[in-house]
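S.K.: Sequence:
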Amino acid sequence: MGVVKVVFLGTAALAVTALRRLVGAGHAVSLVITQPDRPAGRGRALVESAVKIAAGQLGLPILQPSRASVEALDPVREIGPDVIVVAAYGEILSRELLALAKVGGVNIHPSLLPRLRGATPVPTAILRGDSESGVTIIRVTPRMDAGPILGQVIEPINHADTAETLMARLSNLGADLLIDVLRHADRGTLAPRQQDHLLATYARQFTRDDGRADWSRPSVDLWRAWRAFQPWPGLWTTWNGRVVKFHGVWPLFTRGGRETGVLDEWDGVAAVGCGVGALRIDRVQLEGRAIQPIADFLRGHSVIRGARLGE
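So the sequence shown is numbered by the numbering used here: it starts at 1014 and just counts up by one.
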């Protein structure tokens, strides 16, 4: 395979593996475009994207426009890339920008398109209880995640998976698939296939409040939510006016006499009663404190036994 001249657009951690794989495969990454540094954390200090950090380590030129479709036109035009690679960038790109590459743009998306278009396909797949996920590489079009499919690979979702662990595997699969797609593009053997838009589903953006435990739900749903919302926003509730975050849970299919929303021990197991079953709690974190095993937490906060959480 010949050397492919690439302009790379990405921001989130998903994109880092692909960027490193491109460089490792000997392709010429002529420019990395990533989102501007954003304030984060309690101190609201500016934080660099994972892609910016990786590009700096690799010695690649970096551009951080507010709107790539406007501000990146001249730099990309000067490069004249073979392809524009997009991975978790965070902006719908214009036809004008995409037309500057010989084969246009390709996008790495962590779902089995046309299922779960949008920004949060990995947590959404876990939240829905899907048995499989995957990675799809598509041609970029102005319509979100709707372009022709250039390559696709399936990955099972196991019961231990969180969004974090599943995304790590999909990142590696996506990077491998990208190299394969570029190989076919170089040979002129790409075989794009149109998505069936009637089968499209969408993954909405989540907020911190999506992590609030609704104890009226079945315990299986709350277990899926805990897995889906790792590392953010996590699964949490309130007690005595303070946030309690859970760091290890498992569904029980009997409530064992527990009331809905009430934390108590039953046969040596600490759990909260749910609409169906109960949610076993292994580790917790009281707001402003370190993560603790539930037994240690209960020894120091015995008054929480029998308390209704979330009120």
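Read the hints as simulated data drawn from the structure, not as lab findings. A couple of the hints might just be wrong.
Unchecked claim - Dumping the calculated EDC-like pairs for lysine to aspartate or glutamate here, alpha-carbon to alpha-carbon at most 16 Å:
(1) Lys1018 - Glu1091
(2) Lys1018 - Glu1104
(3) Lys1115 - Asp1199
(4) Lys1258 - Asp1222
(5) Lys1018 - Asp1199
(6) Lys1115 - Glu1145
(7) Lys1258 - Asp1199
(8) Lys1115 - Glu1061
(9) Lys1258 - Asp1280
(10) Lys1018 - Glu1084
(11) Lys1258 - Asp1223
S.K.: All hints are to be evaluated individually against the structure, with a verdict given for each.
M.R.: Against the structure, the hints:
no.	hint	verdict
1	Lys1018 - Glu1091	12 Å, holds
2	Lys1018 - Glu1104	22 Å, violated
3	Lys1115 - Asp1199	11 Å, holds
4	Lys1258 - Asp1222	12 Å, holds
5	Lys1018 - Asp1199	11 Å, holds
6	Lys1115 - Glu1145	34 Å, violated
7	Lys1258 - Asp1199	49 Å, violated
8	Lys1115 - Glu1061	30 Å, violated
9	Lys1258 - Asp1280	23 Å, violated
10	Lys1018 - Glu1084	20 Å, violated
11	Lys1258 - Asp1223	13 Å, holds
Of the numbered hints listed earlier, those contradicted by the structure are 2, 6, 7, 8, 9, 10.
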